[in-house]
Every structure is written in structure tokens, then in C-alpha cells.
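A.B. asks: Please take these sequences and the hints and turn them into a complete structure.
Protein chains: 2
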Amino acid sequence: MNKHAANGQGTVLAIDAMGGDAGPEAVIDGAAYAVRQGVKARFVFFGDETKLRPLVSAARELAGSEIRHAQNAVAMTDKPMHVLRRGRDTSMWLSIAAVEAGDAQAVVSGGNTGALMAVARKQLGMIEGIDRPAVTALWPTPRGRTVVLDVGANVEADEDLLVQFAIMGEAFFRSLMKVEKPTVGLLNVGAEDLKGHELIRTAARVLREADPDMAFKGFVEGNDISKGTVDVVVTDGFTGNIALKSAEGAARLLGQWMKETLTGTLNAKLGALMMAPGLRKLKDRIDPSSNNGGVFLGVNGVVVKSHGGSDARGVASAIKMAASLAKRPFHEEVTTTVKAVMKRREELSEKLTEDMNVKAAVV
Amino acid sequence: MNKHAANGQGTVLAIDAMGGDAGPEAVIDGAAYAVRQGVKARFVFFGDETKLRPLVSAARELAGSEIRHAQNAVAMTDKPMHVLRRGRDTSMWLSIAAVEAGDAQAVVSGGNTGALMAVARKQLGMIEGIDRPAVTALWPTPRGRTVVLDVGANVEADEDLLVQFAIMGEAFFRSLMKVEKPTVGLLNVGAEDLKGHELIRTAARVLREADPDMAFKGFVEGNDISKGTVDVVVTDGFTGNIALKSAEGAARLLGQWMKETLTGTLNAKLGALMMAPGLRKLKDRIDPSSNNGGVFLGVNGVVVKSHGGSDARGVASAIKMAASLAKRPFHEEVTTTVKAVMKRREELSEKLTEDMNVKAAVV
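Chains as they are written, first to last, in my numbering: chain A, 1 to 363; chain B, 1 to 363.
Honestly, the hints are just simulated from the structure, not real lab data. All values reported here derive from a predicted model rather than from experimental measurement. Any given hint could turn out to be false.
Each pair may be met inside one copy or between any two copies, as identical chains are not told apart.
Straight-line alpha carbon distances no greater than 27 Å define the calculated BS3-like cross-link-like pairs of lysine-lysine that follow [claimed, not checked]: (1) 122 <-> 217; (2) 227 <-> 259; (3) 283 <-> 181; (4) 327 <-> 227; (5) 79 <-> 327; (6) 227 <-> 269; (7) 79 <-> 217; (8) 51 <-> 227; (9) 339 <-> 178; (10) 40 <-> 339; (11) 178 <-> 40; (12) 51 <-> 269; (13) 259 <-> 281; (14) 269 <-> 259; (15) 281 <-> 79; (16) 217 <-> 259; (17) 227 <-> 283; (18) 79 <-> 181.
C.D. replies: The following block contains the structure:
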């Protein structure tokens, strides 16, 4: 991390302009949109120079940006292994390489998730003490936003991995939201200590006893995500992905029914007109664009995955997130915390085993 | 199952009138409401006779109902083991006993889920071939309703249990919705065959190859629940519970924001007035009452769990469900199908192992 980034000046973002289904137009428009929204960063766009040049030149906000030519682009159907072997000339590879080389402090790509994860791990490596990466998602709540992780990188997670996710999620939320002590919960099926999987109970115990600095709130349930009961909801990638997609599905269904209601009759249409400002605000609140951007926590660098189908507004959200994280690096913090917690966890292990034997004897 | 029930006449429902936080009033009102909505059944109410008598007498719709006195009621905090040992005089125990004795074809209770499950298993036993019970939930979709199971009975489920859940879910949906060939999907994190847990992939393969009569559609994702992509969504109780609660949470948040929008300004209020009929319809669609009623599949009898906090409308939904299922018993069907599928699964097992070895050799 260079000095400029550390004092919040001169942030440089590497942008994979060829990732995403919406094409480079949406990416370039998104960068311009981000600047209009106050993001202070210089962009390095990676992709087909002949396509990018006119787009970037046309956007006044992007004066000072750089374009670096990439021969190829990763397709949505490319297998990660294929990209690792033959993808060194792709915009995805080169944009991550820019972070690795220190030319940029963060990278944003709308490309294929599996490939992006593989290339990021390969080039940047993992944070010391983190076994596997996790993908974050932001979810709107009445209190602001909740971060859910993992939402898809790992279908299974053991207790140590859940503890690592909790530590990374906390540091991530602190960086992104400027909240000193984010609250953290483990996703489970009941608030009582006896419910859920054995491994979630163990993870809860480790967090409670081995990470005294964390504002760990114990177990939370599915409905707590939208309530905003805690700032950070920790779970494995299988459960997290299903929780988020189920919530999105419900929100979309309700949105659709709401639309039918607002346009059902002439009276309804007139009524909708009268509440137009409120409806606009409601639309903003539930617009997935404003929560776009999944961060690959655990890799040694800031990698933000933008949704492949994002429009300019969505891309701007992902860029905003990358800029926030580039300015406040949290990797050192994660390394230190994970090391301390895992050391204490070792010390606790013996105690945990003893206690469980006592418990088993009592039952 | 007696002859009367089989030809759709003379259905008798056992109602635990003391379960639920809303008290016996909501339960009795709910039964009356169900009758007004066209449910044709005779009720046997279990509970404190001195409380129930005046309530039942006051409801014209409940003429012909019976009241059976129960000394005690199961509390929400009672442990299942305690109820099994000392709960024989509770309204919950006695109402299930009525099904066991053949006095009723189905039971409805708003009592504590764990106790209800334990008492139902103890008294009614399990359907042959089903290892563990599953709890169903109904979820509204643009196409009608989707059934999700398991939503909480088992935190873990192996491949055979998932197959059993699929068979029970299919038979349940057919009985309840009168759909000849319900479509079935397994909840997973991706539509591609390679994703997800090993055990879900095995379950998918067994369903595809060992149950040729099922309209099995393979994997579905979280957002498919609200889309109504399939009629029956199968998963373990941990994932199902979290998926449903996450979706409920999102729906509640949106409902809250919608309400704020409708009442935010004077104009908005006037606008809301103009679209009142549409809003009423919208409210009905998202009202959880209309989807109340979780069925304990796998026990040898129809046991419907009503949400503890349900009002009369919610109780009526659960009663309607019990009446539909009592008229169209599906336990024989489940027994036969499970037996056939598990036999074919045995035959396939060897083939499966062989194929996997081939696959492993190729990779």
C-alpha cells in the first residue's frame, strides 16, 4: 500500500472494462457516475483500446484516466482453470496484476465470479491465517446496511473458517461504514444456544471467548438480516447464498405486486402520481444497484465483484465501495486479529474438550 | 381412515384449543371463520371446558361441535421430553390421541413445535420408510403457492432423507392443491450440475433415476421460491428455515417501507385512498395469515401446526389445510412410493459407485 493511498489521496482503481454482460459502455458510464457522486480516484481501464478510447474521451469526468490495452476478455462461460492457464492477456488478469504490482489499490470487475476468484487468489495470494476467501453482500435494513458473508465462495465451512469470516466481516464493515465496533452474529435456526449445528455452536464459543474485542451478539436468524439486528451476519457460502437469493426473490415478488397495484386502475394511477416523491424514494431503497459490489475477503488486496448485469448506477456502487476500501486498508488488521484469536482458540481447545465431556456426562 | 372421510363427508378435526399465544378465543373464532369460508368439518375442541363452552356456544357456525376437557395445557417453554413424560392430560396430547384413536382425521395445534412433534411421533408413529419427519411451509408466488420443506425439523439431512422429503412433498402438494403432477426441485446454490454439496447431487441423481414418475426439475436457487419455478422446494431444515425467514424478513421490510410511503405526506395519503381496492388485494396477498399452517410430514396422521401468534384468519387457514388433507389421505401413497424408490436406489447404488469411479478417473 503506497503512501498516497494511506492518507486518502491519489487512490488509483483498476477497472476491468470488459467484464459484465452490459458491455464496456455500462462500466465507463458507471465510473463517470461514481465521480459525479463524489468518488475521488484515478481510473486505469483495462480492455479493448479501440472500444474504450472513444467512450473514455467522451466522459469529461474521466479526464486523467488511463487505458491499458488487453487483447482478450474472460467470457462468462470460461472455466476458472482455463483462465488461469490461458488468460494472461485478458482484461481481468491484467487489472488484478495492476493491484499486485502496486499500480492500483483496488480492482473492480463484473466478470465471471469463479474466474475472478481464481485469478485473484493466484496473483494476490491469501491473507496470512485465512484458509479460504469469502464473498460479501450488502443488504438494506431500516438502520442502514448489513453485510452478509460468505454468499457463495465456499459451500461448506468448518468452525475455524466461520471464525475467520467473522473477523474479516467485522474489519470490512469497519472500513466501509466507518463504524468503530460493528456488531457480529452467526446465522442459525434459533436464538437458543442449543439449536443449530455443532460447528456453529463451537464457532460461537470461540468468538465469545477468544475474541473479546469483537461485539459478538451470538446467533441471529434469517429475518434478522433485513431487520439489521447486527451489522455483520456470518455463515457458510451455501446458506448465505440461499438466504440472500430467497430474500431477493421475495423483494422482487413484492415489487412486482406493488407495481400491479399502482397501475391497476385509472384511480390507482392517479393515486400513484400523487405519491410520486415517496415512490421514488421507495424505489431507490429497494434498487439492487445501490447495494451492488461483492468483496472477495481473504485475498491479499481489494477485489470488488460487480454484478455482471449491472447498469451504470450499479457499477458506480461497486466503484464507490472499492474506493472506500482502498483508502482504509484492513488486511493488516485482519492478519493481526486472526493470529491472536487462533492462538487463544488453541489455548481454549483443551478447555472446550473438557467442558464438553462434563456436559455429556451431565446429560 | 374411515369410509366417511374417504368420500369427503363427515370429516372430523381435533383442535387443540389451548395452544397458541393468542388464547382459545382466536382458535374458536378461527374455526368459525373456516366454516364461513366453506370448510365442511365437525370439530372436537380440546381444552379447559369452562373456558371453551361459552366461546363455542356463542358461535352459530360451530353447532354440532364437541368439547373434550383437558386438565392442562402445554406451555411454549415446556421441553418436549417433559411433555412426553408428564403431558398426558394436556389438550395437545389428547387432541393427537383422538387422531390415533380414529375419532378425528386430522389435528390442528398452535402449541410449541418441539413438543407437538415429539407427541405426534410418539402417538402416531412414523410412515414406513421415512426416517425423520419434515415440516412444510407455504410461500406465495405469482403462480399460486410453493411448498418448502423441511423448514425446521432437522438441522441436517443426508441424501436419503432429502429423497424422502421430495416424495412426501410431492404427495402433500398433490393432496392439498389437487395438482396431478407437481414439479419438484432441490434447493442449491447454482443451476449447474457441478455446484452444491455432494449429498445434494446424489439426492438429485436418485430422484432422477429412481423415481421416474416424479416431475423432478433438478436444482433450484433461493429466488426460485418466490418465483414459483417449481411446486415443491426440497432442502434440509437448517437451510429451509433460514431461506423462509430471510424471505419473510425482506417482505416485512418492504411492507414497512411501503406503509411509510403511503402515509408520508397528505398527497400520499390521498393517493393511497384512490388505490384502496388494489392495496387491499396487495395486503391479502402478502398477509402471512393466508399461508399459515405447517404440516408435519412423515408421521402417521395429519398434524397441522398453526403459528402460535395467529389470529382467527391464520387459524382458519391451518384448519382449511387440515380439512383438505384429511379428505385426501396421502400416507399410503407415500409408503408405496418410498418403498419403490428406495428399492430402485439400492439397485442404482452399485451403478452410482461405478460411475463415480469412472468420473474420478476421467477428471
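A.B. asks: Does each hint fit the structure? Answer for all of them.
C.D. replies: So, going through the hints one by one against the coordinates:
{"no.": "1", "hint": "122 <-> 217", "result": "neither (35 Å within a copy, 36 Å between copies)"}
{"no.": "2", "hint": "227 <-> 259", "result": "both (24 Å within a copy, 16 Å between copies)"}
{"no.": "3", "hint": "283 <-> 181", "result": "neither (30 Å within a copy, 38 Å between copies)"}
{"no.": "4", "hint": "327 <-> 227", "result": "neither (29 Å within a copy, 40 Å between copies)"}
{"no.": "5", "hint": "79 <-> 327", "result": "neither (32 Å within a copy, 52 Å between copies)"}
{"no.": "6", "hint": "227 <-> 269", "result": "between (31 Å within a copy, 26 Å between copies)"}
{"no.": "7", "hint": "79 <-> 217", "result": "between (39 Å within a copy, 25 Å between copies)"}
{"no.": "8", "hint": "51 <-> 227", "result": "neither (44 Å within a copy, 38 Å between copies)"}
{"no.": "9", "hint": "339 <-> 178", "result": "within (23 Å within a copy, 58 Å between copies)"}
{"no.": "10", "hint": "40 <-> 339", "result": "neither (34 Å within a copy, 66 Å between copies)"}
{"no.": "11", "hint": "178 <-> 40", "result": "within (17 Å within a copy, 60 Å between copies)"}
{"no.": "12", "hint": "51 <-> 269", "result": "neither (43 Å within a copy, 50 Å between copies)"}
{"no.": "13", "hint": "259 <-> 281", "result": "both (15 Å within a copy, 13 Å between copies)"}
{"no.": "14", "hint": "269 <-> 259", "result": "both (10 Å within a copy, 18 Å between copies)"}
{"no.": "15", "hint": "281 <-> 79", "result": "neither (40 Å within a copy, 47 Å between copies)"}
{"no.": "16", "hint": "217 <-> 259", "result": "neither (38 Å within a copy, 30 Å between copies)"}
{"no.": "17", "hint": "227 <-> 283", "result": "both (19 Å within a copy, 20 Å between copies)"}
{"no.": "18", "hint": "79 <-> 181", "result": "neither (39 Å within a copy, 37 Å between copies)"}
Hints 1, 3, 4, 5, 8, 10, 12, 15, 16 and 18 from the earlier list are contradicted by this structure; the remaining hints agree with it.
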